[in-house]
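Peer 1: Sequence:
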Amino acid sequence: MTRLLWTTMLVGFFTACATSSPARFYTLMPANGPIATRGTLSDAGNVIMLGPVTVPAALNQPQWVVAKSEHELEVLEQHRWAAPLKDEITAALTARLSHLVRDATVAAYSQMASFDPSERILVDVSRFELRPGESVVFEALWTIKADQKTIARRGHTSLAIPVTARDHAALAAAQGRALDALAQDLAAALPTH
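Residues -25 to -1, 1 to 168 (mature numbering (1 follows the signal peptide of the UniProt record, and there is no 0)) make up the sequence shown, in order.
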C-alpha cells in the first residue's frame, strides 16, 4: 500500500511539472523601428548618449511584476523580459529616439564608452506599474546634459496608459506607448534639435 501511495504521489508530481505552461518572453522594442544605416559615429555630427537608465530594484528582474493592489505586487514567473528591464528600456528608448531625432546618432550608454557625445540623457524610471485590465502607470525623471557638468534641461514624464484587455500583449503594447511618450518628451527637449 505504501509503495502504491508513493508511486501515485510521484506520478502526480511529475505530471504537474510536465504540464506547466511555457515561459513567454516580451520586448519593448518598437515593431516599426528605424532601419539601420551604415557609417561611423564621427560621420553623424551630433552624437547623443542615452543612459544610464535606472529602474526600481523590485522591477528590474527577468519576470514581469504586476500590481495586484495598491501595496501588493505579484511576480509572474511565466511572463519574462527578453533582457533585463533596464536594458529593454534603454534599447527601446534608443530606437525610438533615433527615429525622432534625424540629425544625430543616438546610442546607448553601454555602446559609448570611448566617445564624447554632444548630449547625454539620463533617465530614472520611478514607476512602471502594470495593472492588468486597467492601465500602465509610468513615471520618469530625466536630465539632458550638454557636457559632464552642464545640465541643459530637466524634466518629468508621468502618464497612465489605459489597458482594457486583460492579456499580457496589451500590457506590453501599453508599455511601448509609455516609452513613445517619453521619447517624444526627450526629443522635444534636446537643445540642438
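Rather than coming from a laboratory, the hints here were simulated on the basis of the structure. Check the hints yourself; a few may be wrong.
[To be verified] Label pairs and their in silico Cβ distance ranges:
#, residue 1, residue 2, range
1, THR2, GLU52, 16 to 24 Å
2, LEU116, LEU48, 19 to 27 Å
3, GLU49, THR(-24), 34 to 42 Å
4, ALA140, PRO37, 20 to 28 Å
5, ASP122, ALA57, 32 to 40 Å
6, THR29, PRO5, 37 to 45 Å
7, ASP122, ALA(-3), 37 to 45 Å
8, SER44, GLN159, 26 to 34 Å
9, ILE126, GLU104, 23 to 31 Å
10, GLY130, ALA(-3), 17 to 25 Å
11, THR2, LYS124, 18 to 26 Å
Note that the Cβ used here is the ideal one computed from N, Cα and C, for glycine as well.
Peer 1: Indicate, hint by hint, whether the structure satisfies it.
Peer 2: Consistency of the hints with the structure:
1. Against the hinted window of 16 to 24 Å, the Cβ-Cβ separation of THR2 and GLU52 comes to about 18 Å, which satisfies the hint.
2. At roughly 22 Å, the beta carbons of LEU116 and LEU48 sit within the given window of 19 to 27 Å.
3. For the hinted restraint 34 to 42 Å between GLU49 and THR(-24), the CB-CB distance of approximately 39 Å keeps it satisfied.
4. As the Cβ distance of ALA140 to PRO37 is approximately 24 Å, the hint placing it in 20 to 28 Å holds.
5. For the hinted restraint 32 to 40 Å between ASP122 and ALA57, the CB-CB distance of approximately 34 Å keeps it satisfied.
6. Between THR29 and PRO5 the beta carbons are some 22 Å apart, a value that contradicts the proposed interval 37 to 45 Å.
7. With their beta carbons about 43 Å apart, ASP122 and ALA(-3) fall inside the hinted range of 37 to 45 Å.
8. A C-beta distance of roughly 31 Å is found between SER44 and GLN159, which places it inside the suggested range of 26 to 34 Å.
9. As the Cβ distance of ILE126 to GLU104 is approximately 28 Å, the hint placing it in 23 to 31 Å holds.
10. A hinted range of 17 to 25 Å for the beta carbons of GLY130 and ALA(-3) is inconsistent with their spacing of about 36 Å.
11. Between THR2 and LYS124 the C-beta distance comes to about 35 Å, which lies outside the given range of 18 to 26 Å.
The structure fails to meet hints 6, 10, 11 from the earlier list, while all remaining hints are met.
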